[in-house]
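There are 2 protein chains.
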Amino acid sequence: MSFKEKTLEDFFQLLLPEIDNQIKEEIERISENYSQLKYMLRYHMGWEENEGARPQGKRIRPLLLLLSVIGSGEEWKCGLSAAAAVELVHNFSLIHDDIEDKSEYRRGRKTLWVKWGIPQAINAGDLMFSLAQNAIANDKKSLENSKTIELLKLLQKTCIKLTQGQHLDLLFESEELITVDQYLNMISGKTAALLSCSTEMGAIIAGANEEKRRHLKEFGFSLGMAFQVVDDILGVWGEEDVIGKSVDGDIAQKKKTLPILYALQSSRDMQKLWRQNVLDQNAINELRNQMEKIGAKKHTEKIAKSFSDTAMKSINLAITDNSMRDALLSLTNQLLSRVN
Amino acid sequence: MSFKEKTLEDFFQLLLPEIDNQIKEEIERISENYSQLKYMLRYHMGWEENEGARPQGKRIRPLLLLLSVIGSGEEWKCGLSAAAAVELVHNFSLIHDDIEDKSEYRRGRKTLWVKWGIPQAINAGDLMFSLAQNAIANDKKSLENSKTIELLKLLQKTCIKLTQGQHLDLLFESEELITVDQYLNMISGKTAALLSCSTEMGAIIAGANEEKRRHLKEFGFSLGMAFQVVDDILGVWGEEDVIGKSVDGDIAQKKKTLPILYALQSSRDMQKLWRQNVLDQNAINELRNQMEKIGAKKHTEKIAKSFSDTAMKSINLAITDNSMRDALLSLTNQLLSRVN
Chain E
1 MSFKEKTLED FFQLLLPEID NQIKEEIERI SENYSQLKYM LRYHMGWEEN
51 EGARPQGKRI RPLLLLLSVI GSGEEWKCGL SAAAAVELVH NFSLIHDDIE
101 DKSEYRRGRK TLWVKWGIPQ AINAGDLMFS LAQNAIANDK KSLENSKTIE
151 LLKLLQKTCI KLTQGQHLDL LFESEELITV DQYLNMISGK TAALLSCSTE
201 MGAIIAGANE EKRRHLKEFG FSLGMAFQVV DDILGVWGEE DVIGKSVDGD
251 IAQKKKTLPI LYALQSSRDM QKLWRQNVLD QNAINELRNQ MEKIGAKKHT
301 EKIAKSFSDT AMKSINLAIT DNSMRDALLS LTNQLLSRVN
Chain V
1 MSFKEKTLED FFQLLLPEID NQIKEEIERI SENYSQLKYM LRYHMGWEEN
51 EGARPQGKRI RPLLLLLSVI GSGEEWKCGL SAAAAVELVH NFSLIHDDIE
101 DKSEYRRGRK TLWVKWGIPQ AINAGDLMFS LAQNAIANDK KSLENSKTIE
151 LLKLLQKTCI KLTQGQHLDL LFESEELITV DQYLNMISGK TAALLSCSTE
201 MGAIIAGANE EKRRHLKEFG FSLGMAFQVV DDILGVWGEE DVIGKSVDGD
251 IAQKKKTLPI LYALQSSRDM QKLWRQNVLD QNAINELRNQ MEKIGAKKHT
301 EKIAKSFSDT AMKSINLAIT DNSMRDALLS LTNQLLSRVN
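Protein chains in written order, with my numbering: chain E, 1 to 340; chain V, 1 to 340.
A few of these clues could be false.
Identical chains blur together in the list; that is why a pair holds if it fits in one copy or across any two.
As the list claims (entries may be wrong) - Subject to a maximum C-alpha distance of 27 angstroms in a straight line, what follows is the list of computed DSSO-like cross-link-like pairs (lysine-lysine):
(1) 157 / 140
(2) 256 / 38
(3) 161 / 115
(4) 58 / 141
(5) 38 / 255
(6) 256 / 272
(7) 153 / 141
(8) 298 / 313
(9) 157 / 141
(10) 140 / 153
(11) 255 / 161
(12) 157 / 24
(13) 141 / 77
These are calculated hints, taken from the structure and not from any lab test.
Generate coordinates for the entire structure from the input sequences, incorporating the hints supplied.
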C-alpha cells in the first residue's frame, strides 16, 4: 500500500479506529468473570456509551508510533500491539495520577477513584499496566523475538523514568522553590519519556538504523518537552491565545510550572506575592503582569520554540519520504500550534 | 556443582543471599538522583538499618523458582533475574495492598503509605512493578530470547490474575455472603497464581518438557492454595496450634475466610450471630465453637490437606533427583507444617 499523497487527516481516518480496536482487544483479555473490572477500564477509555462516552483522548502516542513505523518504511500493522501498549501505559499512569492528584474529573467524566473508590482504582491501574506489557509480549504479528525484547526493554526503561518523574512532581508540591532545571528534569520523565519511547519504538519495529532511531527518539522527546512547556504557557496566558481555556488556572492553584518558576527564580517581588496564602483576583492579575514584565512569558516561549525546532529538525533528519515527513510535521504543528 | 546430599538448610544458605543481592541490583537501576525513591523501596524490602531492618519476608517465591530450576537440571544462576522479578512483583503487590487495605504495619514496620503518604506509595509500587518486568527483559545471563519472552508472557498473565484476584477480594468486602467457590477463585488469583508462576518459570528456564512444566506449575499452584487455606485455619484456631498467633483475629475483624464462609453457608444460626454489628468476646467464642461443631474446621483442614497432597504428588512427578525432591518436599512441609 502506498502512502504517497496521503495527508495527516487520511492517516487519522485510517489509524485511529485500528488503534482503538487493538486496545479493545487487549482489554478483552480480562476474563468475562470480571465484568466490573473490565467495565472500569472501558469506562476510563471512554467507551461506555451511557457514561458520557466521548471524548477519549487524542491517542497521540500510538499515532506517533505508527507514523514512525510507516515513515521508517515498514507496514503500520507491525506496530499495532506496541501502539496499544504505549496508550495503555499512558492511561494506566492517568488512572494513578488522578488518585495521587485528587483529580475528580478527567475528560468531563468522574475519575475511577471517585466512582469506585481508591482501592479498586489503584488495582484497575495496575491491571492496565499489566495489559500494556502483555500487549507487546503476546504480540502475534510478525516481529522477531529480538525486536520484541528490545521493545519491552525500552518500555520498562520508560516506565522507570515515568515513575521517577511522577515522584519528583509529587515531591515538588511540598517544596517552596524548585529550579527551572529540576522542573525540566521532572517533565522529561513525566511527559517526554513516553513520547520519546513511542517514536523510538517505531524505529525499532521498522528495523531503522542507529542514526534514524536516534533522530526519531529525539523527535519524540523534544515534541514531548515542547508540548508540556506550551501547556505551561497556556496555563497562565491561555485566555489570550485559546478560546475556552480556563482563566487563571495555574496561578490560582499555585502550580509550579515553567513560567512561574522562572519568574520566582528571577524576582524577589514575585516570591513575596506568591507566598500569600490565598491568591485573590487582584493578586493573580498582579502576578501575571509581573511575570510578563520580567520576561517570563518570552523566556518560556523561547524554550518551547527551541524544543519545537529540535523536534522539526529531527523529523527532517529521520524521515526521507516527503509525504510521511509532511504528515509528521503537520502533527507536530497541530500539537504545538498554540504557540509561535 | 553437585547438589547431592544438600539439605534445604544448605540451599537457604546458598541461595538467600544471592536472591537479595540480585534484587538489590535491580533496585540500583534507579538513578542516584532519586535517592528518596530508592530509599522507599529499600525500606520496604527491610534493608534500611536504622528503620528496624529485619525481618524481610521469607523469599518463598524466588526460592521455589531457583529450586525448580535446579530440580529440572539447570544451573540456578540462570534463574536469578526471574527470581528477583517474582519477589519484586510480590512486593509491588504488598505495597499497593497495604494502601488498599489501610494496613499500617507490615513486618513490624510502618507501611510506605503511612510514612510517605498514599500518592508517593502508589508511585513507588508502580516503580517496583516496572523493575520486576525490567529484571527479566534486561537479563544478561544466558537465556535465549525465546525463553525470555516465554517468561515475560507468563509474568504478565500472572499479573493479570493477581489484579483480578485483588479486585474480587476488594469486592467481597462489601458483599454479605460469598460462596466457597468464589472464595477459592479469589485466592487462586491473589495467592496461588504467583507461586505457580514461580515454579513454572523454573521449568521454562531449565527447558523442561511440557509434562514436567505442567507438574511444576501444579505444584506451585497447589502449594499456594494450601498455604492460604492453612492461614485461614490459623486465623480462627491459631492459638491452639501455634504459639504467638493473635487470638481472635479473623472472626473479630469479620474476615470472610474459608472456614467462616463454609460455616455461614451451612448454618442459619451462624449467619444470625455473624450479622451482629460488633462481635464481643462472648460472640467470638460462640462463633468459634459453632464453627467447630458444624465441621467448619474439619472441612477446611480437608481442603488444605487435599491441596497439600496434590503439591507433594506434583513434586514427585516433576523432580527425579532424590536430593532435590527432598529439598522441595521439606520446603513444602515447612510452609504447611502448621496443619496436619
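So, going through the hints one by one against the coordinates:
no., hint, in the structure
1, 157 / 140, "both (23 angstroms within a copy, 15 angstroms between copies)"
2, 256 / 38, "between (36 angstroms within a copy, 24 angstroms between copies)"
3, 161 / 115, "between (29 angstroms within a copy, 23 angstroms between copies)"
4, 58 / 141, "within (25 angstroms within a copy, 40 angstroms between copies)"
5, 38 / 255, "between (34 angstroms within a copy, 26 angstroms between copies)"
6, 256 / 272, "within (15 angstroms within a copy, 56 angstroms between copies)"
7, 153 / 141, "both (19 angstroms within a copy, 15 angstroms between copies)"
8, 298 / 313, "within (22 angstroms within a copy, 74 angstroms between copies)"
9, 157 / 141, "both (23 angstroms within a copy, 19 angstroms between copies)"
10, 140 / 153, "both (18 angstroms within a copy, 12 angstroms between copies)"
11, 255 / 161, "within (22 angstroms within a copy, 39 angstroms between copies)"
12, 157 / 24, "both (25 angstroms within a copy, 17 angstroms between copies)"
13, 141 / 77, "within (8 angstroms within a copy, 32 angstroms between copies)"
The structure fails none of the hints (numbered hints given earlier).
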